[in-house]
Amino acid sequence: MSNKTELVKGEKSLPERSRDIPSLAPLVDIYENDDEILLHADMPGVDKKDITVNIDNGKLSLCGVRKIEAAGAVQWEEFGNIEYRRTFSVPQTIDVDKINAELKDGVLRLHLVKSEAAKPKQIEIKAA
Amino acid sequence: MWTKWSDIDRMFNAMDLLQNRMNRLFPDYGGFRGFPAAWDAFQTGPSTNLYDAGDHLEMKVELPCITKDDLNIKVQGNYLEISGSRRSDAPKGYSAHRVERGTASFSRSFTLPSEVDTDKVDAKLANGLLTLTLPKSEAAKPKQIPIN
Chain A
13 MSNKTELVKG EKSLPERSRD IPSLAPLVDI YENDDEILLH ADMPGVDKKD ITVNIDNGKL
73 SLCGVRKIEA AGAVQWEEFG NIEYRRTFSV PQTIDVDKIN AELKDGVLRL HLVKSEAAKP
133 KQIEIKAA
Chain B
4 MWTKWSDIDR MFNAMDLLQN RMNRLFPDYG GFRGFPAAWD AFQTGPSTNL YDAGDHLEMK
64 VELPCITKDD LNIKVQGNYL EISGSRRSDA PKGYSAHRVE RGTASFSRSF TLPSEVDTDK
124 VDAKLANGLL TLTLPKSEAA KPKQIPIN
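From first to last, the protein sequence lines are chains A and B. Heads up: the first sequence begins at 13 in the numbering used here, then just goes up one per residue. Heads up: the second sequence begins at 4 in the numbering used here, then just goes up one per residue.
It should be emphasised that the hints constitute simulated quantities derived from the structure, not laboratory data. A portion of the hints provided could be inaccurate.
Said to hold, decoys possible - Facing chain A, a subset of chain B residues (Cβ under 8 Å, in silico):
id, residue
1, 52
2, 53
3, 55
4, 56
5, 67
6, 68
7, 70
8, 72
9, 84
10, 100
11, 101
12, 102
13, 106
To be verified - Distance condition first, Cα-Cα at most 27 Å in a straight line; then the derived DSS-like pairs of lysine-lysine:
id, chain 1, residue 1, chain 2, residue 2
14, A, 79, B, 127
15, B, 95, A, 131
16, A, 61, A, 116
17, B, 71, A, 79
18, B, 146, A, 116
19, B, 71, A, 126
20, B, 95, A, 133
21, A, 61, B, 77
22, A, 60, B, 144
23, A, 116, B, 77
Using N, Cα and C, we set each Cβ at its ideal position, and we do this for glycine too.
Extracted from the complex, chain A is given alone in its bound form (with noise of 0.2 Å):
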């Protein structure tokens, strides 16, 4: 019988964090054309103060926090208060200071638009 693993496992080197709200990864879907990669992230319930967008080093993460504010009592309850987390890895050809967002009808739609370096140029052939 082994009793190599812990009963309980704890990460000693983080303080301690007391999180009440579950985390959760939005769906999206990615789509590219020659000029920008537009991302468009499905946030339900998520107010436009309570999203952030980073990108730093190559990653971009996305962070919304949804707050369920509703008076009575319970019948029942499918979603709630709820954290949307994901994180992206985007390629170095982006314009970080093109970056711009839109958020409507709880979607959050990032365009990412592609240095001009990274265009796809057409190259003329001259006749000599």
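Got chain A; can you put chain B on it based on the hints?
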């Protein structure tokens, strides 16, 4: 001492195993889903919450990427039906790398715990979350009984 520890450990392992199996059998039972359910043919409809605030009922429905034109709400007595369709918002001229957000039409009906005053029902759609305020009909409202 050590044998006892490993016994506890083994017991927890067995419990985890059982829980995983149960979760696989009944993915929609017991609290929230670990991963958002894909909008596919197998899903019966959007997730809802219902609250009873005494003189009215409040329902919240998760409806991302749905505009008010795509949505139909019907109320009759204590019957409520929410139906609609989720259209694709795929842009033209783009190639898709990943499509997790499906498109589907859905319909979900409920028997509310009390009769509803259908003329005063209010529906609000904001940030992909539908909030329905359903005032109870006079007969269904709670009444204070004075003691003689």
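Quick rundown of the hints versus the structure:
1. A least Cβ separation of about 5 Å between residue 52/B and chain A falls short of the 8 Å threshold, and the interface hint therefore holds.
2. Restraint check, residue 53/B versus chain A: the minimum CB separation of about 4 Å is within 8 Å; hint holds.
3. For residue 55/B, the shortest C-beta to C-beta distance to chain A is roughly 5 Å, which falls under 8 Å, so the interface hint holds.
4. A least Cβ separation of about 3 Å between residue 56/B and chain A falls short of the 8 Å threshold, and the interface hint therefore holds.
5. Below 8 Å, beta-carbon pairs count as interface contacts, and residue 67/B has one with chain A at about 4 Å; its hint therefore holds.
6. Annotation: residue 68/B was flagged as interfacial toward chain A, and the flag holds, the nearest CB pair being 5 Å apart, inside 8 Å.
7. For the restraint placing residue 70/B at the interface with chain A, the shortest Cβ-Cβ distance is roughly 6 Å, inside the 8 Å limit, so the hint holds.
8. With 8 Å as the threshold, the beta carbon of residue 72/B stays out of range of chain A, its nearest partner Cβ sitting at about 11 Å, so the hint is violated.
9. Restraint check, residue 84/B versus chain A: the minimum CB separation of about 17 Å is more than 8 Å; hint violated.
10. Nearest Cβ of chain A to the Cβ of residue 100/B: about 4 Å, under the 8 Å cut. The hint holds.
11. With a cut of 8 Å, the hint placing residue 101/B at the interface with chain A holds, because the nearest CB-to-CB distance is about 4 Å.
12. The restraint placing residue 102/B at the interface with chain A holds, with a minimum CB-CB distance near 5 Å, inside the 8 Å limit.
13. At a threshold of 8 Å, the smallest CB-CB gap from residue 106/B to chain A is about 11 Å, leaving the interface hint violated.
14. Between residue 79/A and residue 127/B, the direct Cα distance comes to roughly 17 Å. Compliance with the 27 Å bound is thereby established for this hinted pair.
15. For the suggested pair residue 95/B and residue 131/A, the alpha carbons sit about 18 Å apart, so the restraint of at most 27 Å is met.
16. Of the pairs offered as hints, the one joining residue 61/A and residue 116/A holds, with about 13 Å between alpha carbons and a cut-off of 27 Å not exceeded.
17. Restraint check for residue 71/B and residue 79/A: satisfied, since their Cα atoms lie roughly 22 Å apart, inside the 27 Å limit.
18. The straight-line distance between the Cα atoms of residue 146/B and residue 116/A is roughly 42 Å, outside the 27 Å bound, and the hint therefore fails.
19. Of the pairs offered as hints, the one joining residue 71/B and residue 126/A is violated, with about 34 Å between alpha carbons and a cut-off of 27 Å exceeded.
20. Between residue 95/B and residue 133/A, the direct Cα distance comes to roughly 21 Å. Compliance with the 27 Å bound is thereby established for this hinted pair.
21. A threshold of 27 Å between alpha carbons decides the hint, and for residue 61/A with residue 77/B the separation of about 33 Å lies outside it, so the pair is violated.
22. Between residue 60/A and residue 144/B the alpha-carbon distance is near 37 Å, which puts this suggested pair outside the 27 Å criterion.
23. With a C-alpha separation of about 25 Å, the suggested pairing of residue 116/A with residue 77/B holds against the 27 Å cut-off.
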